Each structure stands twice: as structure tokens, then as C-alpha cells.
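Chains as they are written, first to last, in the working numbering: chain H, 1 to 681; chain W, 1 to 124.
Everything labelled a hint here was simulated from the structure, so no lab data went into it.
Predicted model only: the values in this text are computed from it and were never measured.
Where is the CB? At the ideal position from N, CA and C, for every residue including glycine.
One or more hints might be untrue.
[What the hints assert, rightly or not] Below, simulated PhoX-like cross-link-like pairs (lysine-lysine); rule was C-alpha separation at most 20 Å, straight line:
#, chain 1, residue 1, chain 2, residue 2
1, H, Lys467, W, Lys73
2, W, Lys121, H, Lys479
3, H, Lys339, H, Lys273
4, H, Lys355, H, Lys100
[As the list claims (entries may be wrong)] Which chain W residues stay away from chain H? Per the calculated CB distances, all over 12 Å, these:
#, residue
5, Phe16
6, Asp26
7, Phe31
8, Val52
9, Met60
10, Pro80
11, Pro81
12, Ala88
13, Asp105
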Amino acid sequence: MRLIFKMALFLLPALAEAQLSHVDSLKAAFENVTDGPLKFKAASNVYFYYQELNRDSALFYTEQQLMIAGRQHNKIAEGVALVSKSYQLMGLGRYAESLKCLQQAFVIAEDKSNEKNERWDYFLTRFDGNSRLLLLSYTHHMYALLMLSTENLEQQILHFKIAGQIAKEINYLPRIQLAYLNLGQSYLDAKMPDSALYFEKQAEQTALQADDKNFTVALARAYLGTVQMHMGDIYKALSNDSMSLNYYYRSLQTTTANNNRTSLSRVCLRLSKYYIERGNKDSALYYSLKNLAILKTLGLVAGNETNLGLGYENVYLSYKLNNQFDSAFKYQGLALVTKDSLANVRIKNLAEFQKLTYSEQLRLQNVEKEKVVYQDKVRTYFLLAGIGVLLLLAIIFYRNNRQKHKAKIKIEQAYDNLKATQQQLIQSEKMASLGELTAGIAHEIQNPLNFVNNFSEVNSELIGEMKDELAKGNIDEAKTIANDIDENEQKIIFHGKRADAIVKGMLQHSRSSSGVKEPTDINALADEYLRLAYHGLRAKDKSFNATMKTDFDESIGKINIIPQDIGRVILNLITNAFYAAPLPPEGGFKNPQIKHEPTVWVSTKKVGDKVLISVRDNGPGIPQKILDKIFQPFFTTKPTGQGTGLGLSLSYDIVKAHGGELKVETKEGEGTTFIIQLPVN
Amino acid sequence: MKILVVDDEHDVQVLFEQRFRKEIRDKEMEFVFAFSGEEALIYLNQNQHEAVLILSDINMPGMSGLELLRHIKEKHHEPPPVVMMITAYGDKENYDTAMRLGADDFLAKPLEFNVLKEKLKAIK
């Protein structure tokens, strides 16, 4: 990033005079004079000498001033010393400490009671007006410079203007000129070169008013060097290079004459950059080395323009331009190291300053009390706002939760309804298959009843006959009749049990599954349900007819199953088979001449540790596209109202629950075989 | 009088023999049994004009009683024998179908043998 050239120059009226004196005599005067206004004045003289020459020495003399002011209880003197100290700290990049000094100075300058202080000669230029206001102008100006150093354009313009305004009120020309001078630079930074030029010209004009009475000509010349440098900067910004260079040279002469080394350094920097850009080797090297020499006498400086790293860099660039690579390399290294360490220092300084400016801004909100009240208010508002937000959040969460809860209840209700409906459907499927059964059962039950009733009647007739024969003494005949009675009685018992079994079977089927596995003769079960299914269908549909063929593996024995559940599966498969067997395949029978004989085969077979129960029909087969759907609940090919679509689904679940498999093999036009595969144990 | 009884229940034979023991003993009636429609047709084809009365169950595996009835009434057998249908399903639909196909009578299970005897005697 290109560095912004904006380190302000703060020049005090004493500079030229101080330069004229010999520093040793000034120091001697300071040492010898008695404590009081004169010693303060002597300290000021030495300070002003070092002000732009050596910051550490300058800083030492501001400390001396502070001690004198403290001992003598002169607040204005203390304020002036604090502002001077802040300038030196600022020059060393110690912005936070600089700001602290200014804060103290502001407190002193704003306190009117300090006007009662004994009048001292605070500045080298004689001033008979309000010293406190002069201090206030001085402090605002310094604060503006600090804002400039820390890159706060808005604040610097504001405070330069305030400083200039106060200086005008008390008619102190040196401060008016400095305000204009710096405002010019600030407007240049704000990219308003026309305004900048206006203020620099004002500064120049003010300098022309110098009449040695309250603004010495020598001092005016010292400021002039800086004004000229700023003019050079403005013309550079206006792309007028010849004017720019002209002013830089004028500034070089003026600052050299007045021994303003800070400004001299900055002018040299500008000139070296100017020549590096234009490839003028000798001039570039000359000014960059001169700049470096001055910077070294100023001490380690972390400003953004009076910066040792920047000085090294320009020297490096100049040597490179001169093809003196050894030296270039040396200074490149120095530039990197110094810039890096100075950048770190500057970042640290700025960070500390930022912390402090925050509290300074709070201070500027005015009195401590108001601040506390304000903070309390703010805290209260924040607290209230926080509570409000929390309440809002709570309400939102509560509503959310309620809605979720409601939704949950709704979902649960829907789920319960669904479950209930499902249960109803399962029950209706049971009932549907029961309905299919009932007709068969009715028939099946009437047959045994027929025998029970009639054999009973026959028996009572036979008993009458037997009695007659006995009365006649025909013992043999009576015995024959008795044998018949016995035979009939066996029939009665047999058919009574048969009816009982049918009724029990019906009940078992309609009942929910007992869920208890018991050893079951799978062949008998299959046969029973085959007959029931057949008769059921025949009862419903008189025209229904199909051939039944069975092939039972008698070696199976009993297997452990829940009989009513597996019975239900067998019944379902057989009913389906009877339904499918008479149906023509898609597109009709291939040869209408050959009569289609609907047939259902039921067979059992033991294979290893498994029992297979197959139900086969010679119906049209199941189309491939619906084959994967047949075990899905509610899938049916029957017309609406005739099938629940649960038969195969339930069958599948029942077989699975037995640890078995329900498989289907089908071939379109030839038929379908369902195979129940159950484990033997 | 020769009566052909058709039913898939084998015990029907014992029952009829017991119920009509007097008639059988007195040679008033002679019973022949077939346990399916097919079997009945075979018997009828082999023994033309022997059976004057056929008692048939309706619900049987294979050929049903109604199919047998249609066979008897539509084909062969001149003069057609008397056919009485016996069924566990005494509903109107069954009855109507049987009558439409030319059944001479319709009886419901369990059989009232006294009623049956009356009817048989009336035919004789």
C-alpha cells in the first residue's frame, strides 16, 4: 500500500529564535536560573531548540517544564508543557500516551478558574491576551495533529478549524497561520486540492503580516518552509510537476535556513521519490541519503512519513537505480527489517490509541456524571431491550413449541386413526374371508347335522323295533338291530364331532390369533381349508366350478405353527387360485377349441428342514408389471368392493412371522404358484 | 322302484339303507349310490332306464348337482327320470335354478325322511 504523506509538522514560534541561540548557553541558563517563571522560560528555550531536532531531548525538557509548573502550581504552564510533551510522544508514535497528555491539557484549558494563574511568559513570542484561550487553541491544534497521525480526517479538520477560530478570537497570528497550514494539508488528504491551495495561501498571507511585534518575521519564514512543501504537494496532486518541484526546492531552502529538520527530512523524502520516479540516479541517491541522515538524528521514528524504514527503502531504491547492488542489497535488508519492526510498533501504538480514543469519546460526551447516567440509561435500555428480545424469543419458542405440540398431537391422532383404520381393514379382511368361509361352513355343518339328526331318528326307530323283537323273543334279530344302533351311534358321534370341529374352526378364524404355536398336521389343515374355500365359492357362485388336485407329502408329520394363522394364509391363497383359475389369459385363450379346465393344485412337500406348501392355478398368471406390488397392502386387481387388497399382504406378514418365506412363481398365460416355505421346527 | 342317490358324503348310503330298511327289506325300493356327479352320469349311461328317481346333492366337488340335473334333463334318458335336488342351501336362488333346469322337487338338508318317504310314495 502506498503510504499517505501526511505527517504534520508542528512548528512553534520559538524555533527560529532557538536556532539562533547557542544551545549550550541555553542549557546553562536553565541550570543556573532559580525555580519559577524564568526557569520555565529557560526550559522552554531548550525544548524549542530540540523540538524538531531530537525528540528524546525535547521530551526531557517538557518533563522539566512539568515539574516547574507543578512546584509553582501554575496550571496554564502545566497545560502548555503537557501539549508539548504530547507532540513529542506523537512524533515517537506513542499515540496513547500523547492522547492522555492532551486529555489532561483539555481539562486545564477548559477550566476558567485557571485564568487567575500568575501570568508567565509561556511562549517565546510575546502575548498579552488570554493565555488560557491560547492554551485551548494550542491543545485543539495538537489534538487535530494526533487525529492526523492516526488517520482520522474528519476529526482533524474539525479541530484545526476550532484551533484557528480561537486563535482568531485572541488575534494570535502564529496559531492562525499554523491552522491554515495544516488545514491545507488536511484538505489535500481529503482530495480537495483547490480548498487545500486556498488555505495554504491564507497561511502564506498571514505570514506576510509578520511585523516583529507579535509575530516575528524570522518565525514566519520558518512556517513558510512547510507551507511551501504543502504547496508542492498540492501542485503534485494537480499534476503540475514543474510547480511542484519549484515549491519543494523553495521549501528545501527555507527549512535548511531555519534548521527545521523534520520538515527538511520530509522535503528530502519528496525530492528523492521524485527523482527515483524519473530515474535521476545522482539526485535520487543524494536526497535519499540526506533524508536518512536526518532521520537517524531524530531517533527511531515510527511516523507514517518520518519513518526510518521508509528512509532505508528510498536509499535502497536509489542504489538500485545506480546499479550499486551491494549497497542496494544492504539497504533493502535494512528497509525490510526496520519497516517490519516499525510497522509492528505502529500497529501496537494505534491499537493502544484506539482503546483510549474510545474512552476519550465517552469523555467528550461531557461530564463524568452525565456519562454514568447515560451509561446507566444505555444499560437499562439494553437490559429492557434484552428482556424484550428474550420475552419475544420466549413467546416465539412457546408458540413454536405449542404448534409443534399441536402438530404432534394431530400427527398422533392421524396415526391412531390410521392404525384404527388399518385394524378395521384387517378385521374386514378377516371378515371377508370369513364370509367366503361361512357359505362353505353352512354347507359343511348341514351335512353332519343331517347325519346326526337322521341317525338319531333311525336309532330311536331301531330301539322300538329291537324292543318288539325282544318281546317276540327274537334274540338274534334284536342283537342285529343292536349292532346297527351301535354303528349308527358311532356315525352320530363322528358327525357331531365333525360339526363341532367346523364351528371351532370358524370361531378360530374369526378370532384374533391366539399367537400360540402348536404342533399341527399341515396336510389336514391344507385339506380342510381347501374344502372350505371350494364350498364357500360354490355357495356364492353356482356356476363356479374348478378341479381340485392335491398331493400331500405324508412324511411331513406335525410342524409347529399357529394353525389359524397359517390356515388363513392357505385359505387366502386357495381362494385366490380359485378366483384366478377360470380367468382367460390376456388376449383370450390361444385355442378356443380346447376347453379350459380351471384347476387348483394344493401340494405339500418336505425339503431338508423346510416344508413347502404350494398352491397352484392354471389361470392367466400375474403380469410382470404388477408382480412386485402384489404383497403391498391394499393392492388388488379385483373390482372395487370385492377385495380388500390385504389378503396377500397379511399372508406375507404371517409367513414372515413364522420365520418362513412366501414366494410366487408365475408365467403369463400358464398360471401362478404360491409357495409357503416354513421351517420344520 | 330304483332310486339313485348322488352325494359326496359316503355316510349317505348307510343313512338311506337304515332309513329305508323296511322298504328295502320289502323290496319296495332299491337304492343305488353315486358319490359324484360324474359317477352318477356313468351309472346312468350304463344302466339306461333303470333309475326312475334321482336324489342329488347340489354342492359337490367336480360336477355339481345342478350340472348333473342339466345333463339328465337335456340329454339322453327317455323318459327322463324324476330328479329331486337335496341341498344344504335352501335359498331361493338355488331353488329357482334347480326348477328352471327341470328339477321335480327340492329338499333341504337336514333331510326330513318322513317327508321324503311321503313324496316317494306319491310318485310310486
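Structure-based check of all given hints:
no. : hint                : in the structure
1   : H:Lys467 / W:Lys73  : violated (45 Å)
2   : W:Lys121 / H:Lys479 : violated (30 Å)
3   : H:Lys339 / H:Lys273 : holds (17 Å)
4   : H:Lys355 / H:Lys100 : holds (12 Å)
5   : Phe16               : violated (9 Å)
6   : Asp26               : holds (14 Å)
7   : Phe31               : holds (15 Å)
8   : Val52               : holds (23 Å)
9   : Met60               : violated (9 Å)
10  : Pro80               : holds (21 Å)
11  : Pro81               : holds (22 Å)
12  : Ala88               : violated (3 Å)
13  : Asp105              : holds (17 Å)
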